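Number of protein chains: 2
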Amino acid sequence: MTYDLRPIGRVESTLTDTALAPRQADEGAPEAWLVFEPDVGEGLRDLVPGTDVILLTWLDRADRDVLLVHPRGDTTRPETGVFNTRSPHRPNPIGLHRVRLVAREQNRLLVSNLEAVDQTPILDIKPVLGEVSER
Amino acid sequence: MTYDLRPIGRVESTLTDTALAPRQADEGAPEAWLVFEPDVGEGLRDLVPGTDVILLTWLDRADRDVLLVHPRGDTTRPETGVFNTRSPHRPNPIGLHRVRLVAREQNRLLVSNLEAVDQTPILDIKPVLGEVSER
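If you read the sequences in order, they're chains A and B. The first sequence lines up with residues 1 to 135 when you count with our numbering. The second sequence lines up with residues 1001 to 1135 when you count with our numbering.
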């Protein structure tokens, strides 16, 4: 049994090489544009600059057969289960990113600190819960 | 262009009715078992009880055509974009849950406070990192 993901948009970023991309957002990731398909535009209503959101992406260049990895690719460290790491290489390579909305132009959102590379498919946006548990 | 998700396991829970399931984990969600496929078992290495993890699920009973929703289903509140909510009904219905690992039995993990219903497909497990940990 499999399920079918339909990307709702793409990342536009100056990062183009996965080997050079930061491993985590707080390690020097740049601003990037999230460019949404016109037919999901209504779903962006009330997303306003200045707030943080959770962005889910599909890391389409990942190797899906990986189950054991060296943490952070450091072969001097013992292998661990991939579900104990944030490696992009995993059976369902879904990227999870907390980003700040910086600006909006219709169906395009500018976000800070995104370590995903250019043209990465976007799957979903969710509000951060915790401070605001209401939604 | 679409991508195919292959579930790595299923939720076993006493929650069976999506209409009765809590909207958020902190609203009375029960413990549940995560039962993994034998062929991904190696990926669970080093996941130990007592830690929190991010669980991604596929909310397979969701309506994927929804773009506008009343927050928390309350029709007295104005509609907002689905990406501004945690509604399960959305184009790619990926559930994002922060859960605590309570116990482990080989390829089964017992977790606390999971609002997903019985037989929900499991997509991924990730460690909590800094502030990306928000549910």
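By construction, these hints were calculated from the structure, which means they are not laboratory data. Any given hint could turn out to be false.
Taking CB as the label site, the calculated pair distances span [as the list claims (entries may be wrong)]:
| no. | chain 1 | residue 1 | chain 2 | residue 2 | range |
| --- | --- | --- | --- | --- | --- |
| 1 | A | R61 | B | D1039 | 19 to 25 Å |
| 2 | A | D39 | B | Q1119 | 39 to 45 Å |
| 3 | A | D63 | B | T1002 | 17 to 23 Å |
| 4 | A | N107 | B | E1031 | 19 to 25 Å |
| 5 | A | E12 | B | R1077 | 42 to 48 Å |
| 6 | B | E1105 | A | E31 | 41 to 47 Å |
| 7 | B | D1026 | A | T51 | 27 to 33 Å |
| 8 | A | D63 | B | R1104 | 23 to 29 Å |
| 9 | A | Q24 | B | T1014 | 35 to 41 Å |
| 10 | A | N107 | B | R1104 | 15 to 21 Å |
| 11 | A | P78 | B | P1078 | 30 to 36 Å |
Now the stretches of chain B that chain A is said to cover, found in silico as 3 or more residues with beta-carbon under 8 Å [as the list claims (entries may be wrong)]:
| no. | stretch |
| --- | --- |
| 12 | 1014-1022 |
| 13 | 1041-1048 |
| 14 | 1092-1101 |
| 15 | 1107-1117 |
Predicted model only: the values in this text are computed from it and were never measured. Heads up, the beta-carbon is just placed ideally off N, CA and C, and yes, glycines get one too.
Please list, smallest to largest, the hint numbers that this structure does not respect. 2, 4, 5, 7, 10, 11, 12, 15
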